[in-house]
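Visitor: So the chains spell out like this:
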Amino acid sequence: EAGVAQSPRYKIIEKRQSVAFWCNPISGHATLYWYQQILGQGPKLLIQFQNNGVVDDSQLPKDRFSAERLKGVDSTLKIQPAKLEDSAVYLCASSRQGANTEAFFGQGTRLTVV
Amino acid sequence: TQLLEQSPQFLSIQEGENLTVYCNSSSVFSSLQWYRQEPGEGPVLLVTVVTGGEVKKLKRLTFQFGDARKDSSLHITAAQTGDTGLYLCAGPSGGSYIPTFGRGTSLIVHP
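Chains A and B, in that order, are what the protein sequence lines are. In terms of my numbering, the first sequence opens at residue 1 and continues consecutively. In terms of my numbering, the second sequence opens at residue 115 and continues consecutively.
These aren't lab readings, by the way, just hints derived from the structure by calculation. Please note that the accuracy of each hint is not assured.
As the list claims (entries may be wrong) - Per the computed footprint, the stretches of chain A lying under chain B, defined by three or more beta-carbons under 8 Å from a beta-carbon of chain B, are:
#, stretch
1, 38-51
2, 106-112
Said to hold, decoys possible - Each pair of labels, with its calculated beta carbon distance range:
#, chain 1, residue 1, chain 2, residue 2, range
3, A, Gln80, B, Glu131, 21 to 29 Å
4, B, His224, A, Ile38, 36 to 44 Å
5, B, Gln194, A, Ser66, 38 to 46 Å
6, A, Arg16, B, Gly130, 36 to 44 Å
7, A, Ala5, B, Gln194, 24 to 32 Å
8, B, Pro122, A, Gly98, 40 to 48 Å
As the list claims (entries may be wrong) - Computed list of lysine-lysine pairs in DSBU-like fashion (alpha-carbon distance at most 35 Å, straight line):
#, chain 1, residue 1, chain 2, residue 2
9, A, Lys62, B, Lys170
10, B, Lys184, A, Lys44
11, A, Lys62, B, Lys184
12, B, Lys184, B, Lys170
Just so it is clear, CB atoms sit at the ideal spot from N, CA and C, and this is done for glycine as well.
Chain B with its partners taken away, still in its complex shape:
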């Protein structure tokens, strides 16, 4: 099983601050996905990265896939209270397409 480790586990910041969360593995992934999960809801896909070194932007969110395809980062610029949630990275496990999730980073943005 390919493990995905996410850091930090918890993050509490003020509105307007910038932040970066990380997803790391010792294994190479063909692709990685980032999901956001709000309390009482299921995860919702934010982005899929497939090419080493790839950078994708989604409004104030910037996603990067490492050159070696073993790690990924999510950077949020000028965080808003609506960004509060659990950020999960997921990658296909064992050569299949089954998404395997990391433990997530729980983000709280205070007004």
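In isolation and in its complexed conformation, chain A is listed as follows:
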């Protein structure tokens, strides 16, 4: 079974620039998550999709972050404009629907904003 695919693996941009990350979840997984992991901390949920609908985006900074999951499969996360504090690893995860299901994570995209 193929895992969660993310791209790019690394990205360096200047502050105020835009950036987009892509995620392809495991086939058949209805739930998709985007997490932000700052160095030395645990992952923080940004947004959760169930199929192509948003379940929770309460911690997504909506003035600069946006995410979509067209057709309930792939997802993109965009930051516009980026700030220095956005430097982090952005992790995508997917899972089957339901309680206590395992979330499978991609390798993440390491973003550095300079």
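Given the coordinates of chain A, work out where chain B should sit on it, guided by the hints.
Guide: What follows is chain B alone, placed relative to chain A:
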């Protein structure tokens, strides 16, 4: 938001030693999960505990869920260098199934 506090934050030990890391909350969780994250990789699920007082063993790793379902521990016996990584606990937040993570315990096992 239900917070999960993990301790210690950092742990550096020699191969062969035993260790325990903790995950605590003031809230009751219906379940808790433990993940391990290696550098440059995403977290990988180790175990899910759902019953208060439950003990699960995974080779040299022993996981315990507190009777009141507010805390959990992970004990590693005879640590190996391959155990090096960030150990994260996660629990569903606010009645949903969304896994919310603690800050993690960063473990380094020296040969």
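Visitor: Taken at face value, is the distance from the CA of Lys170 (chain B) to the CA of Lys62 (chain A) at most 35 Å?
Guide: violated, 40 Å
Visitor: Taking 21 to 29 Å as the stated bounds, is the beta-carbon spacing between Gln80 (chain A) and Glu131 (chain B) within them?
Guide: Violated, at about 48 Å.
Visitor: Holds or violated: the stretch 38-51 of chain A covered by chain B, criterion of 3 or more residues with Cβ-Cβ distance under 8 Å?
Guide: Result for this restraint: holds, n = 7.
Visitor: Do the beta carbons of Gln194 (chain B) and Ser66 (chain A) sit within 38 to 46 Å of each other?
Guide: For Gln194 (chain B) and Ser66 (chain A) the Cβ distance comes to about 43 Å; the hint holds.
Visitor: Does the hinted range 40 to 48 Å hold for Pro122 (chain B) and Gly98 (chain A) at CB?
Guide: violated, 33 Å
Visitor: Would you mind confirming whether the straight-line C-alpha gap from Lys184 (chain B) to Lys170 (chain B) stays at or under 35 Å?
Guide: holds, 17 Å
Visitor: A range of 24 to 32 Å was offered for this pair. Does it hold for the Cβ distance of Ala5 (chain A) and Gln194 (chain B)?
Guide: The hint (24 to 32 Å, Cβ to Cβ) holds, given that Ala5 (chain A) and Gln194 (chain B) are roughly 30 Å apart.
Visitor: Taking 8 Å as the C-beta cutoff, is the stated coverage of the stretch 106-112 of chain A by chain B satisfied by three or more residues?
Guide: Contact hint for the stretch 106-112 of chain A vs chain B: holds, 3 residues under 8 Å.
Visitor: Does Lys184 (chain B) pair with Lys44 (chain A) here, judged by a C-alpha cut-off of 35 Å?
Guide: Measuring from Cα to Cα gives roughly 20 Å; hence the hint holds.
Visitor: At the C-beta level, are Arg16 (chain A) and Gly130 (chain B) separated by a distance inside 36 to 44 Å?
Guide: Once the Cβ atoms are compared, 51 Å apart, the range 36 to 44 Å for Gly130 (chain B) and Arg16 (chain A) is violated.
Visitor: Does the structure keep Lys62 (chain A) and Lys184 (chain B) at a Cα separation of 35 Å or less?
Guide: Measuring from Cα to Cα gives roughly 32 Å; hence the hint holds.
Visitor: Between the beta carbons of His224 (chain B) and Ile38 (chain A), is the distance compatible with 36 to 44 Å?
Guide: violated, 26 Å
Hint compliance for this structure: hints 3, 4, 6, 8, 9 are not met, and every other hint is.
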